[in-house]
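S.K.: Below are the chains, spelled out letter by letter.
There are 2 protein chains.
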Amino acid sequence: MDNYIVADIGGTQIRVALFSRGKIDPLKVRKIRTRDKDQTPLERLISLINEVWPEKDDVRAICVAVPGFIDAENGIIIDANNIPGWVNYPIRQLLAEHFSIPILIGNDANLAALGEWRYGAGQGHHHVLYLTISTGIGGGMIINDQLLIGSRGLAAEFGHITVIPEGPSCSCGQRGHLEAVASGTAIARWVQEKMALGFRSSLEGKPGISAKDVAEAARQGDELALRAMNRAGTYIGYAIADFLHLFNPSIVILGGGVSTAGPLLIDPLRTAVMERIMDRAYIKDLTITAARLGDNAGLVGALALAESGVDP
Amino acid sequence: MDNYIVADIGGTQIRVALFSRGKIDPLKVRKIRTRDKDQTPLERLISLINEVWPEKDDVRAICVAVPGFIDAENGIIIDANNIPGWVNYPIRQLLAEHFSIPILIGNDANLAALGEWRYGAGQGHHHVLYLTISTGIGGGMIINDQLLIGSRGLAAEFGHITVIPEGPSCSCGQRGHLEAVASGTAIARWVQEKMALGFRSSLEGKPGISAKDVAEAARQGDELALRAMNRAGTYIGYAIADFLHLFNPSIVILGGGVSTAGPLLIDPLRTAVMERIMDRAYIKDLTITAARLGDNAGLVGALALAESGVDP
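These protein sequence lines map, in sequence, to chains A and B. For the first sequence, our numbering begins at 1 and goes up steadily by one. For the second sequence, our numbering begins at 1001 and goes up steadily by one.
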């Protein structure tokens, strides 16, 4: 039986799963905190891989999904957000010292796109735009059944295009990027800034407001929260209109925690796309839909990459 | 000998050339005005194809470069800018009634990108961003040695992404697109608007100011003209920074009449790219350079497509 071990590494936790080919329900899954005072993230990753390693069967490949900039060809993490010390980090070489099977790496959002295309909402499509809207905004793009990677593995940074020139500061150091305007972090910050200016909201006095709190307040009819969700959806829609002009996908898949707010976000998003599209040909037969794989998108995408046996 | 006949159809003129495989100097070229009171553009195209048809040798394929939206798969022009009546126009089928060889069609800017990649400034690169800056702004993108087309042939509309929300009206009906801010038309319009507001310029009183006039005045030191070129280059640079985040090409090729202004446009463009890039990894090994094929890019790109024998 063809087995694959895949890992999804985040700033908070590492998840490792054992899959058999073509089945998106893992045989085993283990998770662990990324940081620990006695072990490095790499040591924790290796011990988890050993934990899920099957007793009898072979493992065909290991695939690791990592946030941040990846040089997939050379197996190097150029810069992993939130994982201290993983800068120009030769993860493939370091893992190869412990496991003598093919080791692949990929950007987590890119792999989630691959997962949604191969096993989720994008099945049957050849041109898939996947956006994940959570703390930040990321994504991936399938073009002609191939993952868009770019010359150095840095493509598809959908959160980092300018939507408000001279707008709010972005996590990347630039200004006015989609992530700085419409991510979960940005939604919560916008509400807090408005309340500080004296706008009334049911969220007043609540400590550490999150985008989830804002969505919940909006659902209860809170006007400021409704405006915040509407604003985020609108800017995401404006950006999607640009992406449609550039990529002309047949489906747009929305994942990530913030996207689960549903119509609060998606309705203004759809309106904004319609408003900004330059020709109706772009939305003829276009599907805009929710992701299907949820938190497992990264793991399942890593499985898809491992199965394909080709570095993205 | 493998011969190919290619045509580049514009609003003003139709050019048709006979090429032999792999040689970018055509064996024959003919041109003719697109519009005529006694003949349709199709009739004029067909007569030109017959003119260049070789006496002895076979022709392997015909490839036609057309402005506007193309459904290459079905050989249909969805909407050709500037050619009246070419809406949902089944050009392949109409040509097939006269020529019983493979007939391919493509968007002219996309084909110019293909030409620059195969035979021009982009040779040896696998991820090429080509921008043409003239009356409008268009372009094409090579990803992993393949032309980006999208699900319905509508991708790579680089002139139609938003750079100034609520900015000037665009030819497409939207606002604030790169084309509306930095094309030749936009440069000339901006100077005229500033003069109407009382800004002084050596261009005052000159009828029908063009971007070429503005570039010439800038070269002579005219301050308003210098500002106009600087502004256009800056916005193109801002857009390129976004494109780098999305596509991560290894080369950006600048074509079209306005790009021949050289440093007047390219220096502020480079500065703007540097200013807006989110990580230096995007410009490591990145080349920004002038197109090499000039006005022949569309014809040579059509040759490249005909040779590949595959519809883009």
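To be clear, the hints were calculated from the coordinates, so they are not data collected in a lab. These figures come from a predicted structure and were not determined experimentally. Heads up, some of the hints might be wrong.
To be verified - Among chain B residues calculated to face chain A with C-beta under 10 Å, some are: (1) Asp1079; (2) Asn1082; (3) Gly1153; (4) Asn1248; (5) Asp1279; (6) Leu1286; (7) Ile1288; (8) Thr1289.
Claimed, not checked - Which bits of chain A does chain B cover? Going by a derived footprint, with three or more residues having C-beta under 8 Å, they are: (9) 45-56; (10) 133-146.
Glycine is no exception: its CB is placed at the ideal position from the N, C-alpha and C atoms.
S.K.: Please go over all the hints and tell whether each is borne out by the structure.
M.R.: To see whether the hints hold, each was checked on the structure:
This hint holds: Asp1079 of chain B has a C-beta 7 Å from the nearest C-beta of chain A, less than the 10 Å allowed. Checking Asn1082 of chain B against chain A: minimum C-beta separation of about 16 Å lies over 10 Å; hint violated. Hint status for Gly1153 of chain B relative to chain A: holds, with the closest Cβ pair at about 7 Å, below 10 Å. Interface restraint check: Asn1248 of chain B against chain A, minimum CB-CB distance 3 Å, threshold 10 Å, status holds.
Using the Cβ-Cβ criterion of 10 Å, the hint placing Asp1279 of chain B at the interface with chain A is satisfied: the shortest such distance is roughly 7 Å. Because the beta carbon of Leu1286 of chain B sits about 8 Å from the nearest beta carbon in chain A, less than 10 Å, this interface hint is met. Evaluation of the Ile1288 of chain B hint against chain A yields a violated restraint, the C-beta minimum of about 14 Å exceeding 10 Å. Violation of the interface hint for Thr1289 of chain B is found here, the shortest Cβ-Cβ separation to chain A being roughly 15 Å, above the 10 Å cut-off.
Chain B is given as covering the region 45-56 of chain A, and this is violated because 0 residues of the stretch bring a CB closer than 8 Å to a CB of that chain, at least three being needed. By the rule of at least three residues with a Cβ nearer than 8 Å to a Cβ of chain B, the coverage given for the region 133-146 of chain A holds, with 3 such residues.
Figure legend: structure checked against the earlier numbered hints; hints not met, in rising order: 2, 7, 8, 9.
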